[in-house]
Amino acid sequence: MANLRDIRRRIKSVKNTAQITKAMQLVAASKMKKAQDQATAGRSYADLLNKVLNNLKEQTSAEDHPLLREKSEGGDLVILITTDKGLCGPLNTNLLRLVTEKVSKDATFITIGSKGRQAMARLKRNILADFTVKDPVSFAETKPVSEFVMERFLAGDYGRVQVAFTNFVNTIRQEPHIETLLPISPIELGKKKGFEGMGGDASHAAEGPGYSGYLFEPTTREVLDTVVPQYVGYQLYQMVLESRASEHSARMVAMKAATDNAKQMIKDLTLEYNKQRQASITAELLEITTAMRALE
Amino acid sequence: MRLDIVTPEKLAFSDEIDSVVVPGGEGELGILPSHAPIVSTLAPGELRYMKGGQETSLAIGTGIVEVSHDRVSVLTDMALGAEEVDESAVEKAIEAAKKAMTEKLLPEETAAAQLALQKSLAQLHVKRRKHPH
Numbered sequence: 001m002a003n004l005r006d007i008r009r010r011i012k013s014v015k016n017t018a019q020i021t022k023a024m025q026l027v028a029a030s031k032m033k034k035a036q037d038q039a040t041a042g043r044s045y046a047d048l049l050n051k052v053l054n055n056l057k058e059q060t061s062a063e064d065h066p067l068l069r070e071k072s073e074g075g076d077l078v079i080l081i082t083t084d085k086g087l088c089g090p091l092n093t094n095l096l097r098l099v100t101e102k103v104s105k106d107a108t109f110i111t112i113g114s115k116g117r118q119a120m121a122r123l124k125r126n127i128l129a130d131f132t133v134k135d136p137v138s139f140a141e142t143k144p145v146s147e148f149v150m151e152r153f154l155a156g157d158y159g160r161v162q163v164a165f166t167n168f169v170n171t172i173r174q175e176p177h178i179e180t181l182l183p184i185s186p187i188e189l190g191k192k193k194g195f196e197g198m199g200g201d202a203s204h205a206a207e208g209p210g211y212s213g214y215l216f217e218p219t220t221r222e223v224l225d226t227v228v229p230q231y232v233g234y235q236l237y238q239m240v241l242e243s244r245a246s247e248h249s250a251r252m253v254a255m256k257a258a259t260d261n262a263k264q265m266i267k268d269l270t271l272e273y274n275k276q277r278q279a280s281i282t283a284e285l286l287e288i289t290t291a292m293r294a295l296e
Numbered sequence: 001m002r003l004d005i006v007t008p009e010k011l012a013f014s015d016e017i018d019s020v021v022v023p024g025g026e027g028e029l030g031i032l033p034s035h036a037p038i039v040s041t042l043a044p045g046e047l048r049y050m051k052g053g054q055e056t057s058l059a060i061g062t063g064i065v066e067v068s069h070d071r072v073s074v075l076t077d078m079a080l081g082a083e084e085v086d087e088s089a090v091e092k093a094i095e096a097a098k099k100a101m102t103e104k105l106l107p108e109e110t111a112a113a114q115l116a117l118q119k120s121l122a123q124l125h126v127k128r129r130k131h132p133h
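Protein sequences, first through last, are from chains A and B. According to my numbering, the first sequence is numbered sequentially starting from 1. According to my numbering, the second sequence is numbered sequentially starting from 1.
If you are wondering where the hints come from, they were derived from the structure by calculation, not from laboratory data. As the structure is a prediction and not an experimental result, all values here were calculated from the model. Beta carbons: idealized from backbone N, C-alpha and C, even for Gly.
Once the Cα atoms are required to be at most 27 Å apart in a straight line, the calculated DSS-like pairs of lysine-lysine come out as:
id: 1; chain 1: A; residue 1: LYS134; chain 2: A; residue 2: LYS31
id: 2; chain 1: B; residue 1: LYS98; chain 2: A; residue 2: LYS143
id: 3; chain 1: B; residue 1: LYS92; chain 2: A; residue 2: LYS143
id: 4; chain 1: A; residue 1: LYS31; chain 2: A; residue 2: LYS256
id: 5; chain 1: A; residue 1: LYS15; chain 2: A; residue 2: LYS256
id: 6; chain 1: A; residue 1: LYS22; chain 2: A; residue 2: LYS256
id: 7; chain 1: B; residue 1: LYS10; chain 2: A; residue 2: LYS34
id: 8; chain 1: A; residue 1: LYS263; chain 2: A; residue 2: LYS12
id: 9; chain 1: A; residue 1: LYS33; chain 2: B; residue 2: LYS10
id: 10; chain 1: B; residue 1: LYS92; chain 2: A; residue 2: LYS134
id: 11; chain 1: A; residue 1: LYS275; chain 2: A; residue 2: LYS15
id: 12; chain 1: B; residue 1: LYS92; chain 2: B; residue 2: LYS10
id: 13; chain 1: B; residue 1: LYS99; chain 2: A; residue 2: LYS143
id: 14; chain 1: B; residue 1: LYS10; chain 2: A; residue 2: LYS143
id: 15; chain 1: B; residue 1: LYS10; chain 2: A; residue 2: LYS134
id: 16; chain 1: A; residue 1: LYS71; chain 2: A; residue 2: LYS102
id: 17; chain 1: B; residue 1: LYS10; chain 2: A; residue 2: LYS31
id: 18; chain 1: A; residue 1: LYS256; chain 2: A; residue 2: LYS134
id: 19; chain 1: B; residue 1: LYS10; chain 2: A; residue 2: LYS57
id: 20; chain 1: A; residue 1: LYS267; chain 2: A; residue 2: LYS12
id: 21; chain 1: B; residue 1: LYS51; chain 2: B; residue 2: LYS127
id: 22; chain 1: A; residue 1: LYS33; chain 2: A; residue 2: LYS22
id: 23; chain 1: A; residue 1: LYS143; chain 2: B; residue 2: LYS127
The calculated label-pair distances, taken between Cβ atoms and stated as ranges, are:
id: 24; chain 1: B; residue 1: ALA36; chain 2: A; residue 2: ALA257; range: 58 to 66 Å
id: 25; chain 1: A; residue 1: ASP76; chain 2: B; residue 2: ASP18; range: 51 to 59 Å
id: 26; chain 1: B; residue 1: ALA36; chain 2: A; residue 2: ARG69; range: 27 to 35 Å
id: 27; chain 1: A; residue 1: LYS85; chain 2: B; residue 2: LYS99; range: 34 to 42 Å
Assemble the whole structure, with the sequences as input and the hints as a guide.
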């Protein structure tokens, strides 16, 4: 049985751990809020982009655009968005499980986040590139990624580009998700995506009165060529934001559980400590009384 | 007339204005109230708007401008006011872009460097205009 000093030492160390996990929990909560705000801030951009796209769709044969064209040949390219740090519950494990189940073994990967890179290297999958994005993420950091995949796609190296990320449903629920980025389905173009739920229910201004009398400068074609890559870039940025919000909320929940467990442990240990202390006092008293009796 | 400048990160500007000049893909485009509905591409450059007789300029990146219902919406990947431009960082970026243009041989890489250069120059232009040396 552990002696009193050992228990005291353990209580102290558990207390320290609880302090750290509590701090991490609070930090994660504020970072999650920031990522959500960021997603909300981009809402007006998305609305406007969708509005223009919907208009363009009516006036041009948007299906002709190379980024919208289905390809029969070429392998899959998967952008895997994971976290850089651990201690965020089963987040990465769930995503990686989905990827191993759904994505074929010959697919090529582009990783964002070190956890995904490590896992893919362990599984001996093809990694084409690895990008690092800071926290909080800026659009300027995800733009090179989308430009890179569009270039690869247009070069005909790959027939399909998918993104594996974690969709933020709410604070306690995050779902791993695989979404096709390229080719863009012409039907989906300019529509709200299922994963764009973060940041409130901003009703779409784009679905208001259609405006078909636009003049396009210099030509409809060139406008389309500008808008479609922006759309792709924005989509990817949004997915990274979803992943970031998921990461922080998962970490917040995991750290809350850790803090609660530590508190419970402190309680148990304190009880144990008091019991033992009492037992030793009783034993001492007993000894004294016995000694006294023996002397009489 | 209302002017909205949005980037994927934020609503960079939203206010009532009198007129605006945007750097369109085919040269500068001046927009006054009741302009016909138009969608145009943007080249990185300087956007100037008039409000109450005062002119303000912003550096913007690539994107599009949309005009309808007396509302001008600018969608771009960069929108910086003069006070937001970090001159020394921009000068460094210009150096880097110029260097890249001499080194790289692939046409798309040259194009990317050129774009970066244009954006940086636009930022510098806006900054210098406000605080002439």
